[in-house]
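Heads up: the sequence lines are chains A and B, in that order. All letters in the first sequence, in the order written, are residues 1 to 333 by my numbering. All letters in the second sequence, in the order written, are residues 1 to 358 by my numbering.
Please note: incorrect hints may appear among the correct ones.
[Said to hold, decoys possible] Listed next, the in silico DSS-like pairs over lysine-lysine satisfying Cα-Cα at most 30 angstroms (straight line):
{"hint": "1", "chain 1": "B", "residue 1": "LYS15", "chain 2": "B", "residue 2": "LYS348"}
{"hint": "2", "chain 1": "B", "residue 1": "LYS129", "chain 2": "A", "residue 2": "LYS110"}
{"hint": "3", "chain 1": "B", "residue 1": "LYS10", "chain 2": "B", "residue 2": "LYS350"}
{"hint": "4", "chain 1": "B", "residue 1": "LYS93", "chain 2": "B", "residue 2": "LYS150"}
{"hint": "5", "chain 1": "B", "residue 1": "LYS15", "chain 2": "B", "residue 2": "LYS350"}
{"hint": "6", "chain 1": "B", "residue 1": "LYS303", "chain 2": "A", "residue 2": "LYS144"}
{"hint": "7", "chain 1": "B", "residue 1": "LYS10", "chain 2": "B", "residue 2": "LYS348"}
{"hint": "8", "chain 1": "A", "residue 1": "LYS110", "chain 2": "B", "residue 2": "LYS350"}
{"hint": "9", "chain 1": "A", "residue 1": "LYS144", "chain 2": "A", "residue 2": "LYS248"}
{"hint": "10", "chain 1": "B", "residue 1": "LYS150", "chain 2": "A", "residue 2": "LYS248"}
[Stated by the list, open to error] To give an idea of the interface, some chain B residues facing chain A are shown, with a C-beta separation under 10 angstroms as derived from the structure:
{"hint": "11", "residue": "LEU126"}
{"hint": "12", "residue": "LEU133"}
{"hint": "13", "residue": "LEU333"}
For the record, the hints were derived by calculation from the structure and aren't laboratory data. Keep in mind that this is a model prediction, so the values were computed, not measured. We treat Cβ as the ideally placed atom computed from N, Cα and C, and that holds for glycine.
Here is how the chains run, residue by residue.
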Amino acid sequence: MLSADFFYGMEVFLNGLMTGVMYSLVALGFVLIFKASGIFNYAQGVMALFAALTLVGFQNGQVPFSHLINAIFGTDIHHFGWHLPAFLAILLALLVMIIFAFLVEKFVLKHLVNQEPIILFMATIGLAYFMEGFGDLMWGSNVKKLDIGIPQGGNFWIEENTAFLGGEDFYGFYLDTLDIYATVIAIILVSGLVTFSQYTKTGRALRAVADDHQAALSVGISLRTIWVIVWCIAGFVALVAGIMWGSKSGVQFSLSLIALKALPVLMLGGFTSIPGAIIGGLIIGVGEKMFEFLIGAPFLGGATENWFAYMLALVFLVFRPQGLFGEKIIERV
Amino acid sequence: MLYREVGEFKPSYKKDQQTFPIRLDRYGYYAILAFAFCVIPFLINDYWANAILLPFLIFGIAAIGLNILTGYCGQVSLGSGGFMAVGAYACYKLMTGFPDLNIIFCIMLSGGITALVGIMFGLPSLRIKGFYLAVATLAAQFFLIWLFNKVAWFYNYSASGQITAPERTLFGEIVTGANATPEVAYLVCLSFLVVLAMVARNLTRGSVGRKWMAIRDMDIAAEIIGVNPLMAKLTAFGVSSFYVGIAGALLFSVYLGAVEVGEVFGIQKSFIILFMIIIGGLGSIFGSLAGAAFLVAMPVVLKNVMVGQLGWAVDLAAHFEFLIVGALIIFFLIVEPHGFAMLWRIIKEKLRLWPFPH
Numbered sequence: 001m002l003s004a005d006f007f008y009g010m011e012v013f014l015n016g017l018m019t020g021v022m023y024s025l026v027a028l029g030f031v032l033i034f035k036a037s038g039i040f041n042y043a044q045g046v047m048a049l050f051a052a053l054t055l056v057g058f059q060n061g062q063v064p065f066s067h068l069i070n071a072i073f074g075t076d077i078h079h080f081g082w083h084l085p086a087f088l089a090i091l092l093a094l095l096v097m098i099i100f101a102f103l104v105e106k107f108v109l110k111h112l113v114n115q116e117p118i119i120l121f122m123a124t125i126g127l128a129y130f131m132e133g134f135g136d137l138m139w140g141s142n143v144k145k146l147d148i149g150i151p152q153g154g155n156f157w158i159e160e161n162t163a164f165l166g167g168e169d170f171y172g173f174y175l176d177t178l179d180i181y182a183t184v185i186a187i188i189l190v191s192g193l194v195t196f197s198q199y200t201k202t203g204r205a206l207r208a209v210a211d212d213h214q215a216a217l218s219v220g221i222s223l224r225t226i227w228v229i230v231w232c233i234a235g236f237v238a239l240v241a242g243i244m245w246g247s248k249s250g251v252q253f254s255l256s257l258i259a260l261k262a263l264p265v266l267m268l269g270g271f272t273s274i275p276g277a278i279i280g281g282l283i284i285g286v287g288e289k290m291f292e293f294l295i296g297a298p299f300l301g302g303a304t305e306n307w308f309a310y311m312l313a314l315v316f317l318v319f320r321p322q323g324l325f326g327e328k329i330i331e332r333v
Numbered sequence: 001m002l003y004r005e006v007g008e009f010k011p012s013y014k015k016d017q018q019t020f021p022i023r024l025d026r027y028g029y030y031a032i033l034a035f036a037f038c039v040i041p042f043l044i045n046d047y048w049a050n051a052i053l054l055p056f057l058i059f060g061i062a063a064i065g066l067n068i069l070t071g072y073c074g075q076v077s078l079g080s081g082g083f084m085a086v087g088a089y090a091c092y093k094l095m096t097g098f099p100d101l102n103i104i105f106c107i108m109l110s111g112g113i114t115a116l117v118g119i120m121f122g123l124p125s126l127r128i129k130g131f132y133l134a135v136a137t138l139a140a141q142f143f144l145i146w147l148f149n150k151v152a153w154f155y156n157y158s159a160s161g162q163i164t165a166p167e168r169t170l171f172g173e174i175v176t177g178a179n180a181t182p183e184v185a186y187l188v189c190l191s192f193l194v195v196l197a198m199v200a201r202n203l204t205r206g207s208v209g210r211k212w213m214a215i216r217d218m219d220i221a222a223e224i225i226g227v228n229p230l231m232a233k234l235t236a237f238g239v240s241s242f243y244v245g246i247a248g249a250l251l252f253s254v255y256l257g258a259v260e261v262g263e264v265f266g267i268q269k270s271f272i273i274l275f276m277i278i279i280g281g282l283g284s285i286f287g288s289l290a291g292a293a294f295l296v297a298m299p300v301v302l303k304n305v306m307v308g309q310l311g312w313a314v315d316l317a318a319h320f321e322f323l324i325v326g327a328l329i330i331f332f333l334i335v336e337p338h339g340f341a342m343l344w345r346i347i348k349e350k351l352r353l354w355p356f357p358h
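Next comes chain A alone, as it looks inside the complex (with noise of 0.2 angstroms):
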């Protein structure tokens, strides 16, 4: 028999691979718009965070810029009193998303065509900010439960019929229910995403266009359209990471810091793959748990999952500077 320590270990590490599959979540968004047109998209994680305000309005039918209108004609309205069913809530969230993505193209990309990539960067910055402003203002910056019906807390039946494995006092994996879905979800949404990509005219424009924006265009590939697709898809992408995390957490300004957390794992992976970000998130999420299990709560005083992240990917970068599956970085003079 086995200690109880180890099957600790095991929890932890399972706990683990849930957490980084969350964190796929949110990197892949980045990956698919750094594929598609080079840029690095800073505001993919408000983007979550808005997809999240979006439908939790709908859902329980608040009045979008409420506080505002009460603030310029004195009136006094916050809600119209309906409670949508979540599916109509997600549609109607995926609609304003796409909605989204087109004003972006319009008004930001379009206009930047042909800049260096850290002005696209910084781009996406400002637009991460405007969209904060913007999703504070039209739904109000306090903190939202988001409930579609995703089962949450521990699982009980995984726990039952766990606690066999170790001694008299260890009482089975304690795996999340709401992580067990979310990790599913991940699977089917990659799954769905490469099916896309490798069998409709669609995706192999967009496989296109990642290759070689000029080839791409060559052959008569539009490239405004691509990049309206690219972002709906990351909107969409990031709706799922919004609902996921929101549902976890609480829909609350720190919903968009997650962008954070989905940097290392990209750095890991490689900007372009979107393999690398599946395995990327998983090495970090397994990585950090486990280092604030063994070494970071013993030894150094706890919540070391705010680095440890970056650091692992910064030692690993010094090694191999593409990442995991990035393309080889070749430079010529």
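Dock chain B against chain A, hints included.
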């Protein structure tokens, strides 16, 4: 006609190579300096000093520092907040560890310590480039903040985890602590800014600066013509961190007086400083200052208009501030990606011919 260089003859190389070769520029800067040193201290009050002038001067130093690294040497850094924290904590440890040490030396030394830390975190830049480096510098940001939060030695085991600046004097005037007057604080920060800006300006015009710019434009080509990338990148990281560290030390000791690390030196600060140099103009000292002035003044103006004039709630104004900052950043990037510095250059070109277009 007003602004011109016609008729200015420069009989020696020395005159030709001075910092401001155009006479009007030179006198303009002298006038601004004279105004800043001799007039503003008599007009200043608490509100102006704390809301606008001190943050502008301090973030101006930080922006120059980041501009040296990002604008001149091409290494994007998102770790400025962390480096400012190093400056602040180094200053705190020096002030409490050596009570007799003059505050000026404390601040300078904390800049030096920050430079060492910066060089350490700059080492990976030799392998990692572009966005990967930008994200890698976030490692510095998060690690340093965590370190100052967790290791009690840095905040002298105080119960609140805060650091508080003890009272120190300079030429008999109180500079730090609660009893410091705004005039003195302003003059100290201004002197630092002027000296550091002049040093930066001359560094970037000399051989060091040219090496940085060669690395920025194409590092492989620079290596082939004989620039040592190790030295160039590490000096850029060192000098930049020195500036950012001094800004952090001033922010803590002279401006805020008490600091909670996660709040003051968080990731948002790194972004704000990056915005300053992007909006102001990469690779320009004037741009760093213009960007700092803009980003410091804008929230104050917005808040005054929305809360003061329209009577809106504070949180509503805060949301609008985010929205407007974001929109303005995008607007500026679209209209003039090279920032205020470029606008200024264009204006100067136009003024040279005005009012005759040919």
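Quick rundown of the hints versus the structure:
no.: 1; hint: LYS15(B) <-> LYS348(B); in the structure: 21 angstroms, holds
no.: 2; hint: LYS129(B) <-> LYS110(A); in the structure: 27 angstroms, holds
no.: 3; hint: LYS10(B) <-> LYS350(B); in the structure: 23 angstroms, holds
no.: 4; hint: LYS93(B) <-> LYS150(B); in the structure: 16 angstroms, holds
no.: 5; hint: LYS15(B) <-> LYS350(B); in the structure: 25 angstroms, holds
no.: 6; hint: LYS303(B) <-> LYS144(A); in the structure: 26 angstroms, holds
no.: 7; hint: LYS10(B) <-> LYS348(B); in the structure: 20 angstroms, holds
no.: 8; hint: LYS110(A) <-> LYS350(B); in the structure: 29 angstroms, holds
no.: 9; hint: LYS144(A) <-> LYS248(A); in the structure: 11 angstroms, holds
no.: 10; hint: LYS150(B) <-> LYS248(A); in the structure: 27 angstroms, holds
no.: 11; hint: LEU126; in the structure: 9 angstroms, holds
no.: 12; hint: LEU133; in the structure: 9 angstroms, holds
no.: 13; hint: LEU333; in the structure: 5 angstroms, holds
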